[in-house]
Amino acid sequence: MIDEAASSDDVTTIINDQASRLFRDLITPKLLASCEREPSPAGVWASIEESGLPLALVEEQYGGIGLSLAATGGLFALAGYHTVPFPLVETIIAHALWAKAAGGTLNGPASIAPANFSDRVSIETCSDGYRLAGGIRSVPWGSQAENIVVFAQAGSGDDFLVLLPGFLTWSTISSNLAGEPRADMVLSGIIIPGDRVRPAPPGLDQGLMRIGALARAFQMVGAMRRAIEHAVQYAGERQQFGRPIAKFQAIQQMLAEAAGHLAASEAACTRAAAEMETPDHLFFAAAAKARAGEAAGRVAEICHQVHGAMGFTQEHPLHFATRRLWSWRDEFGGEAQWQEVVGRTVCAGGGHALWPRLSAHS
Amino acid sequence: MNRFKFDTPRLPPEALSEQARARAFLADEIADQRYPAHLTSWSSFDAGFSRRAGAAGFIGMTWPKAYGGRELSSLARFAVTAEMLAAGAPSFAHWIADRQSGPQILAHGSERAKRDILPRICRGECFFGIGMSEPNSGSDLAAVRTKATRHDDGWHINGSKIWTSNAHHAHYLIVLARTGEAGDSRHGGLTQFIADLAQPGVDIRPIYNLAGAHEFNEVFFDDFLVPDDMMVGEAGSGWDMVTRELAFERSGPDRFLSDYRLLIELIERVGTEPDARQAVEIGRLVTHLISLLGMSLSVAELLDRGESPNLEAALVKDVGTNFEREVPEVARRLVAVEPSMDREGDIFAQAAAQIILNAPSFTLRGGTREILRGMIARGMGLR
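Order-wise, the sequence lines are chains A and G.
Those letters in the first sequence? Residues 192 to 553, per my numbering, in order.
Those letters in the second sequence? Residues 287 to 669, per my numbering, in order.
In case anyone wonders, no lab produced these hints; they're calculated from the structure.
Mixed in with the good hints, there may be bad ones.
Claimed, not checked - With beta-carbon atoms standing in for the labels, derived distance ranges:
#: 1; chain 1: G; residue 1: G424; chain 2: A; residue 2: A551; range: 37 to 43 Å
#: 2; chain 1: G; residue 1: A468; chain 2: A; residue 2: G427; range: 28 to 34 Å
#: 3; chain 1: G; residue 1: R619; chain 2: A; residue 2: G488; range: 49 to 55 Å
#: 4; chain 1: G; residue 1: I316; chain 2: A; residue 2: G427; range: 38 to 44 Å
Since this is a predicted model, take the numbers as computed values, not measurements.
Glycine residues also receive a C-beta, built at the ideal position from the N, C-alpha and C atoms.
Given only the sequences and the hints, what does the whole structure look like? Please build it.
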C-alpha cells in the first residue's frame with residue numbers, strides 16, 4: 192500500500208517537473224500575446240502532445256499516464272500558473288472521458304461541453320445513428336479542437352457521451368477576457384454516427400460541470416500564485432519615498448490577505464480532489480470552484496493595486512494571469528451558482544448533518 | 287516567494303476511531319443537557335466538563351503514557367478537538383493546558399514538572415493560563431518587563447501580566463519574564479517559568495469584558511518564588527519557545543469554529559428550503575469552512591512531523607478568525623433577529639448575541655490580525 196502510494200506520488204512529481212520545464216520554455220509573453228490574435232501555433236501544441244501530458248488522466252492500458260484526478264490537480268494548477276494558451280486542461284479531461292467511455296484514445300486538441308449550467312443537449316436514436324438537439328455555448332477552445340466530448344441526455348433518462356467533430360460549423364466564435372477562444376454551436380438536427388456515441392460512465396453528476404469546475408478551480412490556484420509572485424517581485428523592486436514599496440505595511444497587509452485566499456483555495460481544491468470517489472464529490476467540487484472563484488477576484492484586485500499603473504499596461508505580464516482569473520471564475524459555473532449548490536445541499540440536510548459531512552476526512 | 291505548505295492529509299484509522307468516540311461522548315453530554323450548546327464554546331469554563339473529558343481520555347492524548355497521555359498522533363487530537371468545537375463543548379478549563387502549556391512542559395520542562403503536572407492535566411484536574419501580555423507589551427511581546435532574578439532559593443518574579451484568561455481558575459500560569467539583556471534582536475534574555483498560583487506573592491484581579499463576563503485578569507507578582515526546576519527550558523530560551531508555542535495556539539480549529547454553533551442555528555432557522563440568497567450565503571460560509579478544515583489539518587500534520595509551521599499557523603488564524611467575524615454578520619442578514627442574551631427560549635437570538643458580543647476578541651486574542659499579516663508578509667519575502 193505504502194509503496195504504491197509513494198510510487199504514484201513519484202510519478203506525479205516527475206510529470207509536474209517535466210510540465211514545469213516544458214511550459215517555462217514554451218510559454219513566452221510573445222506567444223501569449225500572439226495566441227490572442229490568431230490560432231495557437233500547431234508546432235507548440237505538437238511539443239505539448241509529444242510530452243504525453245494530454246494523456247495524463249488516461250489509463251495506462253489505453254496508452255496514457257494513468258494519473259488520478261487528485262494527482263492531476265497539480266498539473267492543472269501548473270497550466271494555470273503558466274497561463275498555457277492551449278486547451279491542455281480540456282484535452283486531458285476529454286481524452287480521459289472518452290477512453291473511459293469508449294476504451295480508445297483520441298488525437299489532437301479536444302474540449303468538453305456543456306460548460307455552463309444553462310445548456311442542455313438531448314439525444315435520440317434515428318436511422319443513421321443519433322440525432323442531437325439543443326446547443327452548446329462558450330465551449331472552451333471549441334473552434335480549435337478536433338473533438339468535443341459532449342454530455343447528452345436521452346428522454347429515457349440515460350446519459351451519453353458524444354464525440355462531436357470540431358470541424359462542424361460554429362455559429363459564433365468569441366473569446367473570453369484573456370483572448371482564449373470560446374465557441375457556440377446549434378446542435379439541433381445534427382446526426383452523429385453510432386461509433387461516436389457511448390453511454391456516459393457513471394458518476395457524471397451535473398454532466399461535465401463538476402469536473403470542468405474543479406479543473407478551473409485548480410487553474411485559478413495556479414494563476415493566483417503567479418499573480419501574487421508578480422506582485423511580491425514588483426513590490427520589492429519598485430521604490431517610492433526612498434524605499435521599496437514592500438516595506439510599507441499597507442502593501443504587506445494586502446499581500447498577506449492574498450496569500451490567505453490562495454491557501455484557502457488550494458485547501459478546498461485538495462479536499463475536492465480527495466473526495467472524487469466519494470458520494471460527496473459534487474459537494475466538494477462545488478465548494479472548491481466557489482472558494483477559488485471568490486478568491487480570484489480579490490487576489491486579482493490586490494495584485495493590480497500593488498502594481499499601480501504598470502500592472503494596467505499590456506507591457507507588464509500580470510494581465511495574462513489576472514484576465515484569466517476574471518474569466519475562469521465564471522466558466523463552468525460562477526461562484527454564486529456553486530455556492531447555491533453547496534448551500535442547498537447543506538440546508539436540505541439540516542444544521543446538525545453538516546458536521547459529519549465536513550469532518551469525514553477519510 | 288516561499289511556498290506555504292498545505293498538504294491536506296487524510297485522517298488515519300486511529301484518528302477516525304477517536305473521532306467516533308468523541309462524537310458519542312458529546313452526544314451523551316448534550317442529551318443529558320450537561321451544557322447549553324448554543325451558548326457555550328471552547329472559551330466557556332466548566333471544570334466538571336473538563337473532568338469528564340479527562341476521564342474519557344480526551345486531554346493530553348498525544349503525550350507519553352508515562353505522563354498520563356495516550357501516545358496518539360496529532361491528527362487524532364485534531365479530530366477530537368474539532369468534535370469538541372463543533373459540539374460547542376465548554377472546554378476552556380483544560381483548553382490552554384492541553385493545547386500549549388502541556389506540550390511546552392513536555393518538550394522543555396524538568397522531570398519533576400512533567401511528573402507532577404502532566405498527569406493531572408490529562409485527568410482534567412489542572413488548569414493553565416498564559417502569562418505573556420503585559421500592560422505595555424501586547425503585540426510587541428519582546429517589550430516584556432516582568433523580571434525574574436536568581437536567588438539562593440530559586441527565581442523571584444516581579445511585575446504584572448494582563449489579559450490573562452482563566453487566571454482566576456487556573457492552578458498555574460506559564461510566565462514569560464526577562465532574565466537577561468534583550469540584545470540587538472530584542473529576543474534575547476527571555477525565559478518561561480511555571481508559576482504555581484497557590485503560592486504567596488501573586489494577586490489576581492478581574493477584568494470584566496464588554497459581554498459582562500469575567501474571563502481575563504490582571505496578575506501581579508511581588509517577589510513571587512519559582513523553584514529552579516519550574517523554569518521551562520534554558521534561561522534565555524523563552525522567545526524561541528513562545529514562537530513555537532504560538533504555532534499550536536494559532537493553527538487549531540478553535541480559530542475558525544468558535545461560532546460554529548451559530549452557523550448550525552442559522553441553518554436550522556433557515557430550514558430545508560432556503561431561498562436563493564440564503565442558499566448562496568450559507569453555501570459561501572461552508573466553502574470557507576471546508577478550506578479552513580483542510581489548512582488546519584495540514585498544520586496538525588506538520589506539527590506531528592516536528593516541523594515549525596509558524597507561518598502556516600498565522601495563515602490559519604488570519605483566514606480563520608476573519609471567517610468567524612463574518613458568521614454573525616451573515617446570519618443577521620439572512621434571518622431577521624434582535625440578538626438578546628436573556629431572551630429565553632429563542633436559541634437563535636441568544637446564540638447571535640453571545641457571538642456578536644464576543645466577536646471583537648476573535649481577531650485579537652493569540653495575535654492580532656495585523657501582526658499575523660505582518661508575519662505572513664515576512665514569510666513572503668516582503669520584509
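Review point. Among the hints numbered above, which are violated by the structure, and what are their numbers in rising order?
Key: Of the numbered hints given earlier, those the structure breaks are 3 and 4, listed in rising order.
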